[in-house]
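So the protein lines, in turn, are chains A and B.
Position 104 (the first sequence) corresponds to 104 in our numbering; numbering is contiguous.
Position 200 (the second sequence) corresponds to 200 in our numbering; numbering is contiguous.
In case anyone wonders, no lab produced these hints; they're calculated from the structure.
Source: prediction; values computed, not measured.
Do not take every clue at face value.
[As the list claims (entries may be wrong)] Once the Cα atoms are required to be at most 25 angstroms apart in a straight line, the calculated SDA-like pairs of lysine to any residue come out as:
(1) B:223 <-> A:157
(2) B:171 <-> A:63
(3) B:171 <-> B:160
(4) B:223 <-> A:75
[What the hints assert, rightly or not] Cβ-Cβ distance ranges computed for the label pairs, FRET-style:
(5) B:198 <-> A:94: 28 to 38 angstroms
(6) B:198 <-> A:184: 53 to 63 angstroms
(7) B:203 <-> A:1: 55 to 65 angstroms
Note that CB positions come from ideal geometry on N, CA and C, so glycine has one too.
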Amino acid sequence: MGWTRDQMAAIAARELADGFYVNLGIGIPTLVANQIDPAIDVTLQSENGMLGLGPFPAEADVDPDIINAGKQTITELDRTSYVSSADSFGMIRGGHIDASILGAMEVAENGDLANWMVPGKMVKGPGGAMDLVAGVRRIIVLMDHVDKVGQPKFRKACSLPLTGTNVVDMLVTDRAIFRRENRQSPFCLTRLAPGVSIDELRAVTEADFNDTR
Amino acid sequence: MVDKVYDDAVAALDGLLFDGMTIAAGGFGLCGIPETLIAAIEQSGVRDLTLVSNNAGVDDFGLGKLLRAGQVTRMVSSYVGENKEFERQYLAGELQIEFCPQGTLAERMRAGGAGIAGFYTRTGVGTLIAEGKETKMFGGEPYLLETGIVADLAIVKAWRADPYCNLIYRKSARNFNPMAATCGKITVAEVEAMVGPGTIDPDQVHTPGIFVKRLIRAASNEKRIEKRTVSAGAV
Numbered sequence: 001m002g003w004t005r006d007q008m009a010a011i012a013a014r015e016l017a018d019g020f021y022v023n024l025g026i027g028i029p030t031l032v033a034n035q036i037d038p039a040i041d042v043t044l045q046s047e048n049g050m051l052g053l054g055p056f057p058a059e060a061d062v063d064p065d066i067i068n069a070g071k072q073t074i075t076e077l078d079r080t081s082y083v084s085s086a087d088s089f090g091m092i093r094g095g096h097i098d099a100s101i102l103g104a105m106e107v108a109e110n111g112d113l114a115n116w117m118v119p120g121k122m123v124k125g126p127g128g129a130m131d132l133v134a135g136v137r138r139i140i141v142l143m144d145h146v147d148k149v150g151q152p153k154f155r156k157a158c159s160l161p162l163t164g165t166n167v168v169d170m171l172v173t174d175r176a177i178f179r180r181e182n183r184q185s186p187f188c189l190t191r192l193a194p195g196v197s198i199d200e201l202r203a204v205t206e207a208d209f210n211d212t213r
Numbered sequence: 001m002v003d004k005v006y007d008d009a010v011a012a013l014d015g016l017l018f019d020g021m022t023i024a025a026g027g028f029g030l031c032g033i034p035e036t037l038i039a040a041i042e043q044s045g046v047r048d049l050t051l052v053s054n055n056a057g058v059d060d061f062g063l064g065k066l067l068r069a070g071q072v073t074r075m076v077s078s079y080v081g082e083n084k085e086f087e088r089q090y091l092a093g094e095l096q097i098e099f100c101p102q103g104t105l106a107e108r109m110r111a112g113g114a115g116i117a118g119f120y121t122r123t124g125v126g127t128l129i130a131e132g133k134e135t136k137m138f139g140g141e142p143y144l145l146e147t148g149i150v151a152d153l154a155i156v157k158a159w160r161a162d163p164y165c166n167l168i169y170r171k172s173a174r175n176f177n178p179m180a181a182t183c184g185k186i187t188v189a190e191v192e193a194m195v196g197p198g199t200i201d202p203d204q205v206h207t208p209g210i211f212v213k214r215l216i217r218a219a220s221n222e223k224r225i226e227k228r229t230v231s232a233g234a235v
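Working from the sequences, and respecting the hints, build out all of it.
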């Protein structure tokens, strides 16, 4: 029942268009790189200061000075450029990145996103997520529909500290796809994953949404 | 020529370290971190440090060494998720953290080094980061006031340097190093290899020597990899 992580990544990858510059977050979003249609030209950006990310290296080509924002070793392409962190976030904050695909702990029905902190428990920090949601034109979130104990993650309001307010444009979970026309619009259910009924979905979704399938 | 090249890290840091100081460091994760200078700061025993760095290293490498030795009181960072000792000290109340969004941190260091006291950014509006900060409307959108950072000492890692302390960084090891180099009241650089005067193409200098007061050859270029990923596993 539902979509695998690779299938979720493939759904997000189909949102990308020819010529896009795209930033992929850590976790499920990383899988999107494998799912981009070879017929379109997409340049991946990594906020530590690399534009034009190549695939993982062969063992012999591992270079500790070539890493992505997840600290994974990667490779260059013929288009690659390196910049400082300040210039990298100039690309991000300045609205030059077409889309960012991020993971989440919670998404609210008003587009709020929480993905950086669980008070008293997880102390990691926002990294570049707050900058990405503040500056990138379109934010697509990939996340499991429920948490480890089965609680809804698409909620009326986020219970966790926010990464940004009203920043999510599209939500892909393992059970459904939700889109909104713009940031004044409500989320609309546009597709259910195979084997998931609308009643089952509503039972594990706290957020209000329109069913526009 | 003023000789800015020192024999080793101990000599280069002589007279610069004091308890309670603020140190800004370049690097992202373990990539492009000034390994040699961090080790020397650990050896010096200086305490009550405020560290301005995107990350906190890992438990036994990078800035994690200073944390483990109990030398750090406060960190200004965007992400510290790879360091268990950090988490332990923080949850035990032994360590303060000022979380700063990554782009805001880079810009705060750049601003501090460029004599800009503060700037407005959309990043962090409506979040915990905004607490206690001035908000101002521009074009109908709220922006937060963030302040520039000037550190007592900045430490950076470069790939090539000439005797004038013109620096070139290598690939994604550049990251925060150019901004860190500008935001120290005094900046010490360590370099993988020295080259002669005139060897570096002036058009290719990343950090001009004006920003770097002292330089050493790095004694440590371990460049530990946090997540070794290879193509057999696919991206």
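Consistency of the hints with the structure:
The suggested pairing of residue 223 of chain B with residue 157 of chain A is violated, with an alpha-carbon distance near 43 angstroms, which exceeds 25 angstroms. Under the criterion of a C-alpha separation no larger than 25 angstroms, the hint pairing residue 171 of chain B with residue 63 of chain A is consistent with the structure, at around 10 angstroms. Distance hint between residue 171 of chain B and residue 160 of chain B is fulfilled; the C-alpha atoms sit about 12 angstroms from each other, no more than 25 angstroms. Taken as a hint, the residue 223 of chain B and residue 75 of chain A pair is honoured in the structure, with Cα atoms around 16 angstroms apart against an allowance of 25 angstroms.
About 36 angstroms separates the C-beta atoms of residue 198 of chain B and residue 94 of chain A, a value consistent with the hinted range of 28 to 38 angstroms. Checking the proposed 53 to 63 angstroms range against residue 198 of chain B and residue 184 of chain A shows it holds: the Cβ atoms sit about 59 angstroms from each other. For residue 203 of chain B paired with residue 1 of chain A, a C-beta distance near 58 angstroms keeps the hint of 55 to 65 angstroms intact.
Hint check: a violation occurs at hint 1 only; the rest are consistent with the structure.
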